[in-house]
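Number of protein chains: 6
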Amino acid sequence: MTGFTHIDSKGSAVMVDVGDKPETEREAAAEGFIRMNEECFALLKNGAHKKGDVLGTARIAGIMGAKKTSSLIPLCHMVPLTALTLDFELIEESLSVKAVCKAKAKAVTGVEMEALTGVSTALLTVYDMCKAVDRAMTIYGIRLLKKQGGKSGLWEAEH
Amino acid sequence: MTGFTHIDSKGSAVMVDVGDKPETEREAAAEGFIRMNEECFALLKNGAHKKGDVLGTARIAGIMGAKKTSSLIPLCHMVPLTALTLDFELIEESLSVKAVCKAKAKAVTGVEMEALTGVSTALLTVYDMCKAVDRAMTIYGIRLLKKQGGKSGLWEAEH
Amino acid sequence: MTGFTHIDSKGSAVMVDVGDKPETEREAAAEGFIRMNEECFALLKNGAHKKGDVLGTARIAGIMGAKKTSSLIPLCHMVPLTALTLDFELIEESLSVKAVCKAKAKAVTGVEMEALTGVSTALLTVYDMCKAVDRAMTIYGIRLLKKQGGKSGLWEAEH
Amino acid sequence: MTGFTHIDSKGSAVMVDVGDKPETEREAAAEGFIRMNEECFALLKNGAHKKGDVLGTARIAGIMGAKKTSSLIPLCHMVPLTALTLDFELIEESLSVKAVCKAKAKAVTGVEMEALTGVSTALLTVYDMCKAVDRAMTIYGIRLLKKQGGKSGLWEAEH
Amino acid sequence: MTGFTHIDSKGSAVMVDVGDKPETEREAAAEGFIRMNEECFALLKNGAHKKGDVLGTARIAGIMGAKKTSSLIPLCHMVPLTALTLDFELIEESLSVKAVCKAKAKAVTGVEMEALTGVSTALLTVYDMCKAVDRAMTIYGIRLLKKQGGKSGLWEAEH
Amino acid sequence: MTGFTHIDSKGSAVMVDVGDKPETEREAAAEGFIRMNEECFALLKNGAHKKGDVLGTARIAGIMGAKKTSSLIPLCHMVPLTALTLDFELIEESLSVKAVCKAKAKAVTGVEMEALTGVSTALLTVYDMCKAVDRAMTIYGIRLLKKQGGKSGLWEAEH
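Protein chains in written order, with the working numbering: chain Y, 1 to 159; chain G, 160 to 318; chain U, 319 to 477; chain B, 478 to 636; chain F, 637 to 795; chain P, 796 to 954.
For the record, the hints were derived by calculation from the structure and aren't laboratory data. One should not assume that every hint holds.
[To be verified] Which bits of chain G does chain P cover? Going by a derived footprint, with three or more residues having C-beta under 8 angstroms, they are:
1. 213 to 222
2. 233 to 244
[As the list claims (entries may be wrong)] Simulated restraints, written as ranges between beta carbons of each label pair:
3. S470(U) / K21(Y): 28 to 34 angstroms
4. W155(Y) / A634(B): 46 to 52 angstroms
5. S412(U) / K151(Y): 56 to 62 angstroms
Note that beta-carbon positions come from the ideal geometry of N, C-alpha and C, so glycine has one too.
Using the sequences provided together with the hints, build the complete structure.
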């Protein structure tokens, strides 16, 4: 036994059998950050205030990316999402953009990967749109915040 | 003027015109990390030694993800890559997996986003395959290491 | 309040939460047209009579396009369709091809976008296959004909 | 001979051989419209003025849709675009949104289909985002405005 | 009547209406083979023993390919799979790799095409990874082994 | 050294570096077969004569599948094809359909995988469309017929 559900007893990758799990309401939230230099943060902040197209584009990219989760992550099941939101916050102290993605589905398996993929795709899009100003931006702190539904019930990140 | 090349003077998102740039050899390298708890790291380390399927699967996911960059990141140009590698390193001190993705192309635009998308997709796949053991894993330190080719020449991350 | 369900109170795009809606039988029909010059219409008419490959190809393109709706339209939910048909009619008086797409699903949200995307993709394919003969073809009259199922019940276009 | 380049002498669909055509600068522009009722137009106009998320989302959808052209239109060649823009105009008299998509590439075949697919996808997205307010919206007037490059040179729509 | 469920009375391709079929447990298994020369088989055998990356990669490709079935096969319905496995066996006598793919879903339609597409994609990937050593490899014997669930009940291949 | 170009010295999968190879005219042809029972063959033969929609649909599926090669086969490079044809032949003696796919590109790497993927997707589509009549159909004899261009020059299958 490997301990990893996606690896069988012979060491091969498998798509876990979720056929016996009941369909329940599933929710997951994930967050992530991108840190940039002062010039870039200032431009984003002003742009976000007036027009919003960097974060607006990143939001659409994140939503569409989340819907592609099962075609990006090899062993993920296809889950038809019933809701998805992506919110951004500009954090002055750390010159960072925070992204939070919340996903919901009525499904036999969780939607953590959808929330995490939504956050990642949104942050990569911020990088792409701002890279002419700052190539050294760093994406960090991508993690699950919360997961609800299914046998394991509610799980929340500690801090 | 916004300072962001992907936003035009009216504040609208645009795919930058690269039609006048000459085709040159392009290279980019990016890195990223995922930190996990001791139990998970030990399982991965043993598994990696014997069978390699978690990291082997993450590598394939990263390579395929990099090839999908222009369909994930809204304003990215399609760049036919000539080479792509993804390497992993287990870092004992920080209980982390490090992923490094190197991309190459003969193109009119850079391949940074391909390298960053390769890293992100690989790390999300590690999360997916190990999440039954540790849900609190964090992805961090995704950044460009190096970029070569085109008008701006060589760029390297400072440290 | 914006009045648009896909825009939240802060003006951000959202994938509407359909998690509380019951799964019901959904149906939608959409139509659209493409007008061409006499030479092109005659070729299509003769070809359609004998071999049918322009419209046969457009039908397949429309069916496959409709299945891709949620990856094309950013805020659409993924809906597993239970049926999809695409029919064409040659309209002599207006030198036009009419396309009608009917979609069905057992779902928590409607399938209007699937029917409309099916029609659009089919008509774009007719354009592509006939453009060597007539570049000035115009696509027009793409609209919803009918929508059934869900809280709002039956809706039909007025004329 | 059928007159259609995508149908061979046996009546079968073919992807035309463009291997002997020289790579040249290609440009295409296409336009299209969506007409709505007064309430919907007013909401869009106010929203567009303040936040722009309906048209901002439609722009991203159109750009991403144009990049998917060769996977939507069966016999289209893959063309790596060097530039793509999508612009919208609100036309008060006809209660319509006008979309114009311009595509460029250095390629052996034209980019008309990319421009037309960009317009279509953008207009379908406007429909999706506004359909809760007006289901009877109609998409019309999708056509090629201009095409440049390649053997046939410049072509412009007559009016 | 044509006898083919995907062709209607006018000879047009249709996505069969499965809206009235009840959702039941569905299972399908398919197999397929690829035969190669001795040198190639020996390399694969040794590699499979020590590192497994050819077959490990083929497994991931097959799993991801199976999830794409409805976007590859024009008239297939989208079926969210609940389980998918791909197993390989090296057959010394025939210098062949055997691939077996098993798919499961709770659905209104069967998952035969998913199992067959999984096998095909895996075998194509083996070809791709080994073609530098043997270009004359042949893929053969792709067939359905078993199908369960739905009105027609259990079906098994004869030998 | 493994002998397999897609496996590096550590046993990891890699996308081979083709950056130093010159762009040349590439061609490849592949074939494959599907065998069915008499009833199914007769229906297909009659249908093919009159309406052609099974093989017409399979042809479109094959062409679109070939264009997706690099997203299906993990280590394949993206190659913009300049031509692609798919032809079918009904072989009375063996109750089989033969599919031949020819692909061309001006590229730094070959197009064998595109031709093989085109054949495979087309044959899977024939299976899908005829499976209600014969579930025991077998796909066989998928192999490369010819490959031209690049350093290794012309290669042809022996018989």
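Do the hints match the structure? See the list:
With 4 residues carrying a beta carbon less than 8 angstroms from a beta carbon of chain P, the segment 213 to 222 of chain G meets the three-residue requirement, and the given coverage holds. A count of 7 residues in the segment 233 to 244 of chain G with a Cβ less than 8 angstroms from any Cβ of chain P is obtained; the coverage claim is therefore met, three being the minimum. One distance hint, 28 to 34 angstroms for the beta-carbon pair S470(U) and K21(Y), holds here, with the actual separation near 33 angstroms. Evaluation of the 46 to 52 angstroms hint for W155(Y) and A634(B) yields a failure: the beta carbon distance comes to about 58 angstroms.
Remark: the range hint 56 to 62 angstroms for S412(U) to K151(Y) is upheld by a beta-carbon distance near 60 angstroms.
Consistency note: the structure conflicts with earlier hint 4 alone.
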